[in-house]
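**Student:** In case you want the letters, here they are:
2 protein chains.
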Amino acid sequence: MEDVWQLYREDLAQVEAQIKKTLTSEVPLVNEVTHHLLTSGGKRIRPLLLLMSTRLCGPLTSETILLAALIEAVHTATLLHDDVIDEAEIRRGEKAVRSVWGNQISILIGDYLYSKAVGQAVSMKNQEVNETLAEACRKMSEGEILQLSHHENWQVTEEEYFKIVGLKTGSLMATTCRLAGILHHTSQEIKEALTFLGLHLGIAFQIADDTLDYTARQNRLGKTKGQDLKDGRITLPLLHLLSHCKDNERKELEQRLQGHCFSDEDLTYILGRMQEFGSIVYAQTKARTHASIAKKQLALFQDSPHRRCLSIMADFIVDRDH
Amino acid sequence: MEDVWQLYREDLAQVEAQIKKTLTSEVPLVNEVTHHLLTSGGKRIRPLLLLMSTRLCGPLTSETILLAALIEAVHTATLLHDDVIDEAEIRRGEKAVRSVWGNQISILIGDYLYSKAVGQAVSMKNQEVNETLAEACRKMSEGEILQLSHHENWQVTEEEYFKIVGLKTGSLMATTCRLAGILHHTSQEIKEALTFLGLHLGIAFQIADDTLDYTARQNRLGKTKGQDLKDGRITLPLLHLLSHCKDNERKELEQRLQGHCFSDEDLTYILGRMQEFGSIVYAQTKARTHASIAKKQLALFQDSPHRRCLSIMADFIVDRDH
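Top to bottom, those sequences are chains A and B.
If you want the numbering used here, it's the position in the first sequence, counting the first as 1, plus 1227.
If you want the numbering used here, it's the position in the second sequence, counting the first as 1, plus 1227.
On the chain A side, residues computed to face chain B include the following (Cβ under 8 angstroms):
(1) 1256
(2) 1257
(3) 1331
(4) 1334
(5) 1339
(6) 1342
(7) 1352
(8) 1364
(9) 1369
(10) 1371
Rough simulated footprint, nothing fancy, chain A against chain B, three-plus residues with beta-carbon under 8 angstroms:
(11) 1306-1312
(12) 1358-1365
Just so you know, the hints here were simulated from the structure itself, not pulled from any lab data.
By construction, the Cβ of each residue, glycine as well, lies at the ideal position given by its N, Cα and C atoms.
Construct all of the structure, not just a fragment, from the sequences and the given hints.
**Tutor:** Dropping the structure here:
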């Protein structure tokens, strides 16, 4: 994956410069907060995905760079709101904006980033770009709301979990890849393939994230282990465990989970049971399956370094340790 | 003003139906919350303003109704976020969404409403409409951030106050009126006049709101009296008082304000001093001045019931008691 980052280093530097340019405001506090956001890491997975998909279809243009920057702005806006919702202290290994400036600023800077991104998208005067972006943003918020409506609902189904994941994470990645096709006026078939590619990469990404919440070493993840469990968020590994253990054990598990004051001992117990039932392996396998579906779409494109990079990225998304 | 509401009753009913149609989602919780929002009042000042401005320029179309609905959605989105920021329990005399479903849902439904509004605006395929709306949304969030950056800053100037008010309230009303001109392809001069009209109506509206925070009877306002003061928000009446009392009294006032645990006695004291220095009258006069500036723009339009209604509305905005 290091070689991939290297190949796109210059393109990504252009994106970084564009993000900086896009976010400049006449309100000093906005600049202070966006500076913090810009310098506190972030993998830039979505911009990279747009760059790669664009290169699959043709050359890079200034429009690609603009779009990559505004997609990252939209993504960051959702993170700022997520952090308030989850009461997260840490983001990308650094202090979350809400830990430094408070929830209020985290909400408002999220709104600012989103409105700026909309303005930039509008300035491109491309109807299809605007339609697909607006749809992705709506779906993302619907996914977050659906997830919250299943808070501590131990009866939630795997089908519902995949619906949430598709909406909250899949939709923006699907749109990201589709935009490459839109900018290059590709056939409908190619646009659909790109959308499918992004959607399944997104689903794989989210399952991997949800699994890492149970397995990652704390300092690598940049957030607290078992956080989803503590927040009452039921993700794939837990769903698997709940549907495979016996009734009496399920009841005991639910009681521990319902307790709210969740001890390290509880976490160790649940992790042990997950190992036993193969819940972690199950989730990892599911993530790989979706990465494979994504990679299959690449067959529609000629072989190129960019096609190979996308394939590597699909593997990286599921095999990463943070 | 009752006659005005009566004249636009049918148009407003169309807007109401459009809002309901726009906000329907496949996520049940979204529909539950938007139903609460739709049935818990709201003056629909912005939709009415768009209807009136449109009628000044020509007939009403389905595009006007769509725009009126989406402007109300954008406005409601900002209220949902404001309520989280201000920890408000009551909105429009009813329980705030955050009081019923919590802060998380209030944030996410705000995001949903905003993304839905953007999607609807994009579907109109009108570049100018989308540009002016995106600009208004950006300015609104900048205004809110600027206001927050002056939290408990007793040195803030009147100039800065007017900048905040223009951004956070003026910009959406300015855009609302401008959109009428855009839809009817009026001259640049008329568009500018409409923008100016909306901007100053918005400023008048906000000053009146800020003054009502000190003067309104609690049950009429649907929120707690003196709330701005308790929240450390410095508005025009207080700015006037602080800049007109003597140094030692200013110091005493600042100490009371800084105290956070603000008693009814403190509020009574401050209200008394405001009466003495004419701070309330000063703010009311300022609101009237901006309403007059707004009304002056009407001279560019032929006399009509709609022109008279806008003039009545400008007076209503500053003279209302809630």
